[in-house]
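If you read the sequences in order, they're chains A and B.
As numbered in my numbering, residues 1 to 204 make up the first sequence, in order.
As numbered in my numbering, residues 1 to 204 make up the second sequence, in order.
Everything labelled a hint here was simulated from the structure, so no lab data went into it.
It is possible that part of the hints are untrue.
Since the list gives no way to pick out one identical chain from another, each pair is judged satisfied if it fits inside one copy or across any two copies.
Said to hold, decoys possible - Calculated pairs, DSBU-like style, for lysine-lysine (alpha carbon to alpha carbon, straight line, at most 30 Å):
no.: 1; residue 1: Lys175; residue 2: Lys87
no.: 2; residue 1: Lys90; residue 2: Lys108
no.: 3; residue 1: Lys108; residue 2: Lys46
no.: 4; residue 1: Lys46; residue 2: Lys145
no.: 5; residue 1: Lys90; residue 2: Lys145
no.: 6; residue 1: Lys87; residue 2: Lys15
no.: 7; residue 1: Lys90; residue 2: Lys15
no.: 8; residue 1: Lys46; residue 2: Lys175
no.: 9; residue 1: Lys175; residue 2: Lys145
no.: 10; residue 1: Lys175; residue 2: Lys108
There are 2 protein chains.
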Amino acid sequence: MSTLSATHSPHARIKWLASATSEAWLQQAIAHPIELLIDHAHCERKAAGSALQLMFRYLCEPGLAEALSPLVREELEHFELVLGILKSRKRYLEPLPAPPYGSALARKIRSVEPGRMLDSFLVAGLIEARSHERMSLLAVNSPDKELANLYRELLASEARHFGVYWTLAQERFQKHIIDSRLIELADIEAEILSDLHPEPRMHS
Amino acid sequence: MSTLSATHSPHARIKWLASATSEAWLQQAIAHPIELLIDHAHCERKAAGSALQLMFRYLCEPGLAEALSPLVREELEHFELVLGILKSRKRYLEPLPAPPYGSALARKIRSVEPGRMLDSFLVAGLIEARSHERMSLLAVNSPDKELANLYRELLASEARHFGVYWTLAQERFQKHIIDSRLIELADIEAEILSDLHPEPRMHS
């Protein structure tokens, strides 16, 4: 029987997510703290890369670069923070095969505009929302206090980053269009995570 | 007859560059301050993109991410600064066809390691060095005081960024190998700029 509810932080239920993270993920994550930390460093740099790519794709779209450039900088600040902790523990950015999560979500981004832009915002936002939810769990449940503090420090930014993508969508699309597509994508996101990936990852 | 020497800043001669910027470039740049500013915004975001790409390519190379991630953040800070000035003048990131400079230099990067890594550092460093030289000229010669101040503020970073790439090279390659390749690439860089590109650009 799941004990997740007992150890959940109040932040752990994010209203945009279609399902809560399983107890199985939390146990897997806590059992492999350094592998998860390395994966988290990769997540931060990939989030920076994706946001920069999005900024380059829609470069002449007013308001986009102003929102995304500071977000990229913040992702990289977090990347550097995590890298510092890894180095203090005599580890580095070892290559880790990615779980299917990111690429499976990316395949759901429509290829034709304006759907492509909306989906790009919503997928990026959902990943931030899931990271926020899982970091909340780690902040409360990680037995390693330095890592618990790290995740506590970072999780507010993940929620803020969701907000950046949400605002970018709201400024450009009608509410009912955003809402119905978000429900579809959130269901897909939950479905991807419904089978626990065997390797411990932030999005396993 | 050139009057460049009279208006040169003492910073304008960078020892890594094989030639000094022409008076013709300076006159072209000063005659088109906003076009140059938009191009400069593009240069900052492209420098961020290239550094991030380099970081991703050599991700497991110790010491590289620590050097390049803060550099990417600084390029983006400058990008945001330039974008702010553009917006205050009711302009934005209009698309500007790039001059041949960047792609011509990129073609000189060898495709096989370790030459590829060394060339990537040196080409990125030379572009920073040229930007530093030209911003020094603009800081001294620009009749638009806000823009003169902007370039004055930014030029020290360009020199520092050259230093980042130089240090990355020195940590990994023998001095005589770096020096001989830098001379070759600096000659190529000067050759590319020897014919003034008809459109006003930071690297026309």
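Comparing the hints with the structure gives:
1. In this assembly of identical chains, the alpha carbons of Lys175 and Lys87 lie at most 30 Å apart only when taken from different copies (28 Å versus 45 Å within one copy).
2. Taking identical chains as interchangeable, the C-alpha atoms of Lys90 and Lys108 are never at most 30 Å apart, the minima being 38 Å within one chain and 37 Å between chains.
3. In this assembly of identical chains, the alpha carbons of Lys108 and Lys46 lie at most 30 Å apart whether taken from the same copy (18 Å) or from different copies (28 Å).
4. When the C-alpha separation of Lys46 and Lys145 is checked against a cutoff of 30 Å, the pair qualifies only within one copy, where the shortest distance is 26 Å, while the shortest distance between copies is 39 Å.
5. For a Cα distance limit of 30 Å, the shortest separation of Lys90 from Lys145 inside one copy, 18 Å, qualifies, whereas the shortest one across copies, 50 Å, does not.
6. Proximity of Lys87 and Lys15 under a CA criterion of 30 Å is satisfied in neither setting, with 35 Å inside one chain copy and 36 Å between copies.
7. In the homo-oligomer, the alpha carbons of Lys90 and Lys15 never lie at most 30 Å apart, since the shortest distance is 38 Å inside one protomer and 39 Å across protomers.
8. With identical chains, the CA atoms of Lys46 and Lys175 are at most 30 Å apart within one copy only, with a shortest distance of 28 Å there and 34 Å across copies.
9. Taking the shortest alpha-carbon separations for Lys175 and Lys145, neither the intra-copy value of 41 Å nor the inter-copy value of 45 Å comes in at or below 30 Å.
10. In this assembly of identical chains, Lys175 and Lys108 lie within 30 Å of each other by CA distance solely inside one copy; the values are 20 Å within and 49 Å between copies.
The structure does not agree with the numbered hints 2, 6, 7, 9 stated previously, though it agrees with the rest.
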